Structures are given as structure tokens and as C-alpha cells.
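Colleague: Below, each chain spelled out in residue letters.
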Amino acid sequence: MDFELSAEDAAFRDEIRTWLEERRELIEKTRAQTAEYGGEKALELHRVWEKELYNGGWAGVAWPKEHGGRDASLFQQALFTEEYVRARAPERINRLGLGLIGPTLMVYGTEEQKKEHLAKILSCDEIWCQGFSEPGAGSDLASLRTRAVLDGDDYVINGQKVWTSQASYADWIFVLVRTDTEAPKHKGITFIIADMKTPGIEVRPMKQINGKSGFAETFFTDVRVPAANVIDKPNNGWKVAMTTLGFERGTGLGSPMVFNRQWKELVELTKETQRYDHKASEDPDIRKRIAQGFIETRVFELTNKRVLSQLSKGKQLGPEASLSKLFWSEMEARLEELQIDTLGPRGELATGSPDGGEWFSEYLYARASMIYAGTSEIQKNIIAQRVLGLPKE
Amino acid sequence: MDFDFSDEQYMLRDSVRDFLTKDCTPAEIRRIWEDPTGRSPQRWKKLGEMGVLGLTLPETYGGAGMDEIDLVLVLEEAGRNLLPEPLLEHTAVGAPLLAKAGTEAQKSEWLTKAAHGDATISIGLAGAPYVQDATADVVILEENGELHAATQDRLTLTPVQSVDGARRLFKVTAELDAETRMGDANGDAAWAFDHAAAATAAQLVGVADAMLQSAIAYAKEREQFGHKIGSFQAIQHKLAETFLLVESAKSAVYYAAYALAKGLEDAPIHVSVAKAYAGDAERRANYESLQTFGGIGFTWEHDLHLWLKRGRALEAQYGDSDWHRRRIADWVYTKA
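Here the protein sequences come in this chain order: L and G. Going by this note's numbering, the residue at position 382 of the first sequence is 382; the numbering climbs one at a time, nothing skipped. All you need for this note's numbering is the position in the second sequence, starting with 1, plus 1000.
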């Protein structure tokens, strides 16, 4: 048992750390300006940063070298994430392209499809969004109803997707559609990709309760998409989607650095904040919860290391990823709740208000973490059935 | 980075597991409950022969010269199988404590015997009102900031009865003097406490795991309303949540062992993380396993209560979860 990095991993870590350090000014400028501007201007700043990553060969470290990546091991990917977070580098804007559709195309795409899209995904010249969930198909994704009918060389798509993040500025979408209404629901689904500029695709931003509009509804009205855009085979889309969601599991592992930093900042907040009749850091209940926050963030970091150690020995990341997602999402919600509680009556003050701040918005988004990428209840079902072997019915 | 055990460490764990599975059955535990001494000299000797009792003692005393990392999976198995004998007091704390802080006379008198199971060492640290296995050949006691190695002739024992019939607890008064005194107390008493807390955390994980696995097995068999009860979402969610807690607790327990083995400066904090989390995880397993078994789990005849009682007793040893949270909070708010 040891906790030292191998020479190779240490070199990898040092390389990205140095590269980011050398770009500290650009990073700070980007962060400050994206916070200030929002919208198109912010997007432009993000694109500039993505180009910088691309030129440095850091845009998609997990990708194979043949497609422009570094063949980084899961552990190195974790190291990259930790350094990226440590440097407070800007949010990535093509996660779905780099993390989901890119790897999916590598497995299931034709040579043509790979040639057409992979390089542009890496360079961020093609931003992707994901059309999976529908108003009537969230946890029960397989019940989706967006319909695709073959007409000559095209599929004609009609339906509605929801929670399409980044749809308002994405260039392409990968979407699950129903191509066979007679077959059992999992067997009538096709995975197809479409240009967001195709006539008939309409994006309506959705405002969420935290005031942000990163998501959208995406309406398809008689949208003609070439049949050549099907990934793998018609009606085999569920299998492809499971592979895609499998790639999502890796990111479901979460970042210990994010939560460690969140906890440290929370400790400082308790030292500064007067809460009702005394300082928060002197309140026994706050202290107990701060201690519990330390315990949980430590346990999370240690469990991550255990999982990564086993993965590096060839074990595949399977339903155990549900354990991680369930753990960190609920831990994050508790940390955010502690922040609101620490603030007492100030907790309800909005961003932009005198004495206000981002905290309530962050707190709400932490509660969303228990819903997106598989609700906590779904994760528990997966753990019970696929890890513990309890019967489905 | 390799946060995992070596093949040799897993092999040792497996051989202890195999032995205890055969030797330390629930029937044997019930027999121990009724037995006057509550201890099996044969089992203790066998553990000595396996090299377990002196695992972390230097080879010069007949030990295996291993460390806390090598020991932690063994402690987990002891918890899992409800080992009655004082592996924690003797192997995890007492013997290495004597090796560390004892006088030359004390060490040459007891350590080789301790490694072979020919003598037993127990511990009674400050703040603990009852001493487990105070009938041991040597009981290391903390008094007025000093550590003493007391033999039976120095002790007056009053037995108390635990609801866990395999625990043998005593109130102890002792006649201590310069002859019984061990080395520098301050540092070593803290060392002993942290080792005891970490070892208890390891046992808690074993107890929790055993209860959880038996509840899972039961849920897969028991039928009501035409379905296995394990198919009901309420049961699935309880067991999934408990599983997450117990698996996560292992990470904390294993790291605490590493921190102690490497003598890390902040090892006590990692011990507190482990003890607090393992205590909480076991408590949850304690509740959900009885809940899953339902009425039958509440019968004396069913074996579950053997674990319920051990687990609950261990939660309170060497600081409970809330005590360790307080220790962490104090550290958070006093460090720079």
C-alpha cells in the first residue's frame, strides 16, 4: 500500500501543473470576464481558452493518441482534473463532445463519421449537446417517444427533448429516437446525430430555479436527418446509449479537490460569520457538522483512490460508479446546506443583493446533483440490483 | 499510488478468515457466552501458531515484524467472526506498546510469551471505566499520566456483565509503583489510544459487513406477498445505503492503519475519521439488518443479536463517533 505517484504519473502531473501555471494570467482574465459578461461574449472567451488547451495538447487527455489525445489512464485523467480544478481553470464547454459522443464514435462510428467529427470535437470547433431525456422519459429513458421515420435516404424526426444542456449554442446533437413502435421499448431505439442548424430544430432555453438558463427544450418538427447519421445500426440505439452512459460514469467519480476546497472555504466562513447569538465556529452543532464534512470529504477522496487503484489493475468501472455518484452528490448537498445554515438569516439573500451572494443558487444546484445523471433513487436501485444482486422483482 | 493490499496481506486475511469461519461459529460464540472464562485457550494458541498474536512484534521476540497495515484486515475478520479473545487489547495495542515503552525486564519477561500465546496482555487506558480481559497476565494501565504494566498480584477485579456475553469486563483497582511503571507515558498513552481506536474501527467494519451480508442473503430468500422481500424498493434502498456506508468506512479504516504504520504526524485525525465513520456505518447496519430480518431477527435463537450487541458495544469504545467528531472539530479550529 503506498500513496506515492509513479514517476510517469508524477511527470504527467508536473507537466499539466506547469502548463496551467504558465497561463495563470489568461485563466484569471477569462474567469473574471466570463463572470462579468455572460452570453455570447463569455462563450467567445471560453472558445479562446479551449483553443489554448487544444494547442497545448490538453483538450482531451483521455483520447487515444491516434485521435489527438494522450491515452491518459483513468488515474492520469483524475490527476488532470485535480490540477485543472486547483488552477481554477475555466469550465469546459464541450464536455459532451469530448467525454460522451467522441468516445462513442470511436467505438461505434464509421470511418466517415470519425473523420468528419472527432478532430473538430477536440479543437472545440464543434460543440455538442445531448438529446436523451424527454418530458415523459427521464429516469425511464427507454420509454422515449421522439419519433424517427425513414423516408428515402433520410429520417424525419418529430418530438421533444428536455434538459438539453448547451443546446442554444451547440453545433451538433446526438439524439435517441424511436424508430420501431412495435418492438419492446429498448429494441426500437436508434442513436442518431444531427446538425443543430437543420431546419425544424428549435431550441427554447429553460430557466431553472437557481435563475440560470444553461438547459433548454429542443423541439424537432419534421427534421430531415440523413440515414447515414445513424450511429451503428437502426434499432440498436439502446446498446450504443448504454456505452455512452458508461463513459459518463467515469466523470461520475467526481473531483475530491472540488469538495476539499468547498469544505475549507466553509470553515473560513464559520470563523467569520456571526450566527444568531454567537460566532458560527463556536456553535457546537456547526462544529459537529464541519467535522462531519471533513470526515466525508476525506472518505470520498480515499474511496476515489481505492477505486482508481483497482481500475489501474484492469478492473472495469461498472455499477460501482453509482456508489461514487450517490456519495458525492449527497455529500455536496450537505456541505451547501451547512453553508446556508451558517449564514442564518443572510442565507436567503440573492446574488447581487447588498449582503447577498451566490450561495443559495449553489445550494439549489447541489440539490439538483441528486437528480441529474441518474437520481439518488435510481442509483440505489442500481446498487441494490447490480452490485448486491437483489432481485428486480 | 496503490491504495490496496498486497497478495501476501490478502493471503493472511484469507487464512485467518478460513480458520475463524470454522472455529468461531455462532454456536461457539453462544458456548463462550455461557462459559465461565469465556475464552478458548486452544483458539488463542492456534492464533499464536499462525503468527497472528505477535504480528507486529519484532522478530527478536518471536513476532512477525509486520505493521498496522498487515494487521488491519485480520482485525476486520476478528470483528466479522465475533472473535471473543482479546486480539485488539493484546496484538493491536498491548504487546507492541510493551515493546515500545516497557523496561528491558518487562519486555524480556513477557513479549516472547505474548507472541506465542503463552501469555496475554490487556490494556486499561484513562477514561475507560471497564477493562476487557483484566484477568490477563499483564494489564497495562494508565494512571496519573503514567503507564504501568501490572500483573495479577497488583490487581483487584470486580467483574461486570455485558449484554454481549463474549466480552469479559472488569472494574479494576491497582497497586502501582516504580516497579510497574513503563516508559514515558504522555506520548505512549496517546499512541495506545489511537491504536485501540483504529483497531476498534476495523472490527466495527467487520461486524457491520457480517450483519449487512446476512441481511442481503435473507432478503434474497424470504418471500412475502408472492415476492422475495429483496425486490421491494424500501429494502433495496436501505441495504444499498448501508452498503455504501460500510464500503466507504473501509477506505477510512485502511488509511488510518497506513497513517499509524508510517507514523504520520496527523495520524490521530485519520484515526478519528475512521472511528467516527465506522461507528456510524456499523450503527446503520445494526438497524437495517434487524429491520430486514423483521420478527425473526428479534428472537434469541436467531444469531443476529450476537452481532447487534458486539457492534453496539464497540461503538462506545475509545471514543464514540461524536467524541471523535469533537476531536476533529477542535483540531480544525485550533490549527493554523
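Hint data in this document are derived by calculation from the structure and do not stem from the laboratory. Since this is a predicted model, take the numbers as computed values, not measurements. Built from N, CA and C at the ideal position, the CB exists for glycine as well. Check each hint, because a few of them may be wrong.
As the list claims (entries may be wrong) - In silico contact screen, one side only, chain L against chain G (beta carbon under 7 Å); selected entries: (1) Ala7; (2) Arg23; (3) Arg24; (4) Val156; (5) Val299; (6) Ser309.
Colleague: For every hint, state whether the structure bears it out.
Modeller: Do the hints match the structure? See the list:
A distance limit of 7 Å between C-beta atoms decides the matter here; for L/Ala7 the minimum to chain G is near 12 Å, and the interface restraint is violated. The beta carbon of L/Arg23 comes no nearer than 27 Å to any beta carbon in chain G, farther than 7 Å, and the hint placing it at the interface is violated. Taking 7 Å as the C-beta contact cut-off toward chain G, the hint placing L/Arg24 at the interface is violated, the least distance being around 25 Å. A distance limit of 7 Å between C-beta atoms decides the matter here; for L/Val156 the minimum to chain G is near 39 Å, and the interface restraint is violated.
Annotation: interface hint on L/Val299 holds; nearest CB of chain G at approximately 5 Å, less than 7 Å. Interface restraint check for L/Ser309: the shortest CB-CB distance to chain G comes to about 4 Å, inside 7 Å, so the restraint holds.
The earlier numbered hints that this structure contradicts are 1, 2, 3 and 4.
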